[in-house]
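2 protein chains.
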Amino acid sequence: MATLRSLAALETPALVLDDTRMERNLARMRTHLQRLSVRARPHVKTCKSLPIVARMVDGAGGPVTVSTLQEAERCFAAGHREVLYAVGLAPNKLDHVLDLRARGCDLNVVVDGIDGAAAIAARRADIPVLLEIDSDDHRAGIRPQDDALLATARRLADGAVVRGVMTHAGASYDCRSRAEIVAMAHRERDAVVTAAARLRTAGFAAPVVSVGSTPTALFADDLTGVTEVRAGVYVFMDLVMVGLGVCAFEDLAISVLCSVIGHQRDKNWLITDGGWMALSRDRGTSAFAVDHGYGAVCDVRGGLVPDLVVHGTNQEHGLVARRDGGALDFARFPVGTLLRVLPNHACATAAQHDRYHVVRGGNEVLATWPRFSGW
Amino acid sequence: MATLRSLAALETPALVLDDTRMERNLARMRTHLQRLSVRARPHVKTCKSLPIVARMVDGAGGPVTVSTLQEAERCFAAGHREVLYAVGLAPNKLDHVLDLRARGCDLNVVVDGIDGAAAIAARRADIPVLLEIDSDDHRAGIRPQDDALLATARRLADGAVVRGVMTHAGASYDCRSRAEIVAMAHRERDAVVTAAARLRTAGFAAPVVSVGSTPTALFADDLTGVTEVRAGVYVFMDLVMVGLGVCAFEDLAISVLCSVIGHQRDKNWLITDGGWMALSRDRGTSAFAVDHGYGAVCDVRGGLVPDLVVHGTNQEHGLVARRDGGALDFARFPVGTLLRVLPNHACATAAQHDRYHVVRGGNEVLATWPRFSGW
Numbered sequence: 000m001a002t003l004r005s006l007a008a009l010e011t012p013a014l015v016l017d018d019t020r021m022e023r024n025l026a027r028m029r030t031h032l033q034r035l036s037v038r039a040r041p042h043v044k045t046c047k048s049l050p051i052v053a054r055m056v057d058g059a060g061g062p063v064t065v066s067t068l069q070e071a072e073r074c075f076a077a078g079h080r081e082v083l084y085a086v087g088l089a090p091n092k093l094d095h096v097l098d099l100r101a102r103g104c105d106l107n108v109v110v111d112g113i114d115g116a117a118a119i120a121a122r123r124a125d126i127p128v129l130l131e132i133d134s135d136d137h138r139a140g141i142r143p144q145d146d147a148l149l150a151t152a153r154r155l156a157d158g159a160v161v162r163g164v165m166t167h168a169g170a171s172y173d174c175r176s177r178a179e180i181v182a183m184a185h186r187e188r189d190a191v192v193t194a195a196a197r198l199r200t201a202g203f204a205a206p207v208v209s210v211g212s213t214p215t216a217l218f219a220d221d222l223t224g225v226t227e228v229r230a231g232v233y234v235f236m237d238l239v240m241v242g243l244g245v246c247a248f249e250d251l252a253i254s255v256l257c258s259v260i261g262h263q264r265d266k267n268w269l270i271t272d273g274g275w276m277a278l279s280r281d282r283g284t285s286a287f288a289v290d291h292g293y294g295a296v297c298d299v300r301g302g303l304v305p306d307l308v309v310h311g312t313n314q315e316h317g318l319v320a321r322r323d324g325g326a327l328d329f330a331r332f333p334v335g336t337l338l339r340v341l342p343n344h345a346c347a348t349a350a351q352h353d354r355y356h357v358v359r360g361g362n363e364v365l366a367t368w369p370r371f372s373g374w
Numbered sequence: 000m001a002t003l004r005s006l007a008a009l010e011t012p013a014l015v016l017d018d019t020r021m022e023r024n025l026a027r028m029r030t031h032l033q034r035l036s037v038r039a040r041p042h043v044k045t046c047k048s049l050p051i052v053a054r055m056v057d058g059a060g061g062p063v064t065v066s067t068l069q070e071a072e073r074c075f076a077a078g079h080r081e082v083l084y085a086v087g088l089a090p091n092k093l094d095h096v097l098d099l100r101a102r103g104c105d106l107n108v109v110v111d112g113i114d115g116a117a118a119i120a121a122r123r124a125d126i127p128v129l130l131e132i133d134s135d136d137h138r139a140g141i142r143p144q145d146d147a148l149l150a151t152a153r154r155l156a157d158g159a160v161v162r163g164v165m166t167h168a169g170a171s172y173d174c175r176s177r178a179e180i181v182a183m184a185h186r187e188r189d190a191v192v193t194a195a196a197r198l199r200t201a202g203f204a205a206p207v208v209s210v211g212s213t214p215t216a217l218f219a220d221d222l223t224g225v226t227e228v229r230a231g232v233y234v235f236m237d238l239v240m241v242g243l244g245v246c247a248f249e250d251l252a253i254s255v256l257c258s259v260i261g262h263q264r265d266k267n268w269l270i271t272d273g274g275w276m277a278l279s280r281d282r283g284t285s286a287f288a289v290d291h292g293y294g295a296v297c298d299v300r301g302g303l304v305p306d307l308v309v310h311g312t313n314q315e316h317g318l319v320a321r322r323d324g325g326a327l328d329f330a331r332f333p334v335g336t337l338l339r340v341l342p343n344h345a346c347a348t349a350a351q352h353d354r355y356h357v358v359r360g361g362n363e364v365l366a367t368w369p370r371f372s373g374w
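Protein sequence lines correspond, in order, to chains A and B.
Counting in numbering that gives the first Met the number 0, the first sequence runs from 0 upward without gaps.
Counting in numbering that gives the first Met the number 0, the second sequence runs from 0 upward without gaps.
For the record, the hints were derived by calculation from the structure and aren't laboratory data.
Fair warning: this is a prediction, and the values are worked out from it, not measured in the lab.
The reader is advised that the hints may include incorrect statements.
Derived contacts from chain B toward chain A, CB cut-off under 7 Å, selection only [unchecked claim]:
(1) 4
(2) 44
(3) 77
(4) 86
(5) 92
(6) 111
(7) 139
(8) 196
(9) 258
(10) 272
(11) 280
(12) 315
(13) 335
(14) 336
Heads up, the beta-carbon is just placed ideally off N, CA and C, and yes, glycines get one too.
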């Protein structure tokens, strides 16, 4: 790395990544999964950046989870052969999946019902497929005891390969205590282990048993029967994870650097150039005990300014006020002051940017890492 | 345009632009502003696409409004010399502004207080500046009768040029009737005309008097004293504009094409691959009489399916249900069915994509237009 630039030399808004915090988050998950003797298949949907993916996987070209075929393409080009596309496959993506596989990518896909299974099997291309299991009534998937499980597997086996089962306990985001998350982790594990056992009894090898969400992954105390854990948000953490008790403010690795551009003294607002285009529209903490509006506010070095919050946004304007609605001390924040805003939801905020400005604890930019997007 | 592709040949999700609807929206605004004898300086923050900007301006290289210096760069490179950067200037963007001006761009900037004015004046570079006026207590700006107006102008005149005044009646989005919007348009006009008169009495030429928001622009009945109108959303329209009574569903020019990827029969949900990454997290209609969730649902040809709504999203999953919560007829929507989702907020939804797939009424893709993003 050549010359260092200070954050103060950037045009705002800009996405900042604190590498020290990220490495700490990665080490925490790595240690935890090693203790549980389960393999990681990190989800790249949060970071969408190859230098970061390389740090998330255990070794060069390690296995990854993706949410788009764009992510699959980028990871495969970077040497990650084992790729799970963890969103139910739309028929219009089948040609693309086959093309990736023909080029040597061991791309596995997901299906959650007999219609999708029929579309994949009809190609008779031995695509490896995981059956999506509903472990939490949250979104998609087949319930583990449902007759549809074996019916879908049989339909698949007609022209594809039943590789196993996967689930995502998205409802862990609605938990409000560590005990609830631990219980959700048990429920998530039990759902896929039950489904895998039923498949094996019916004659399917089903070697893959896959779970994943950052809260359940970190709070699971026993993953017997599970073969891999997918999680993504843990790399950066965010205010939703703080609200769930999964991490502390000091673990949040990304923030949006913005500038104070005006003072609204009558309204007790600072106006910044960090609007929803830079922060995203995500209001993920709105139903939590502490609602962080559009983000919690830090100084330029990343230290929390606990009395401030981004309480409103327009496209390129942020409105920063005191959490208690009280009188702002405008002299503390002259026009030009740099602030760093912590995200409600790291996936959504990072997605608004095309690069990370990498710092290590301080405010010197050590590197710029590109981010990709799209489908 | 060479061979046509059908929307059915695209991988989903994908952003669709109906050129017929867009041209109708553009003609409506053009006719209206001609009747009011006021010039348009269209805002490019909604479309961020040069082929669309070219249709929004009245002639080649016509004047534009931008929300980022990235938009300024792109528009200037495409021949638009007269550019207003309509967000209060952060000091760290001053070098970039001066560089654009040195290259021949007639870039005007905005300031809303004495501190910002001091930073610009200190460069002694005769940058043309508009004073931002607060017409609606909504966000930023100086109130037209405030002493700060003349103090800021005097501070500016020390090294920059007081070009005039501008305001944005963002509070028009909170109106709930045509009468309220008409009243807001009067208030917006009166605020800037009053401020301009005060500046002129004090000896500043202040030739520019600029207003703009799609609702007030379209419902204004008299813009005497105003020299230009900035508006952006009107090019596409959206569900917020439907909710305000500004347009009809049939005027919405963009939609997100997505596929049904699963059936959740117990929950009465269709699962689609149009999640918040494709639709945005914007919930702009949540406080309206009709809450459209994450978007209203159309068939592949753009015809409204009035009983359906996107009631939930994850990153790459949409949950589509009946508005009345009733039982879905799953046979109408087999896996693979294409739907088009109308956006709550066109600026936010378009920002999630890097291109427009252009259709004209039907479902044949006539062109693909690129979109830019970032700062």
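Against the structure, the hints:
no.	hint	result
1	4	violated (12 Å)
2	44	holds (6 Å)
3	77	violated (20 Å)
4	86	holds (5 Å)
5	92	holds (5 Å)
6	111	holds (5 Å)
7	139	holds (5 Å)
8	196	violated (22 Å)
9	258	holds (4 Å)
10	272	holds (5 Å)
11	280	holds (4 Å)
12	315	holds (5 Å)
13	335	holds (4 Å)
14	336	violated (10 Å)
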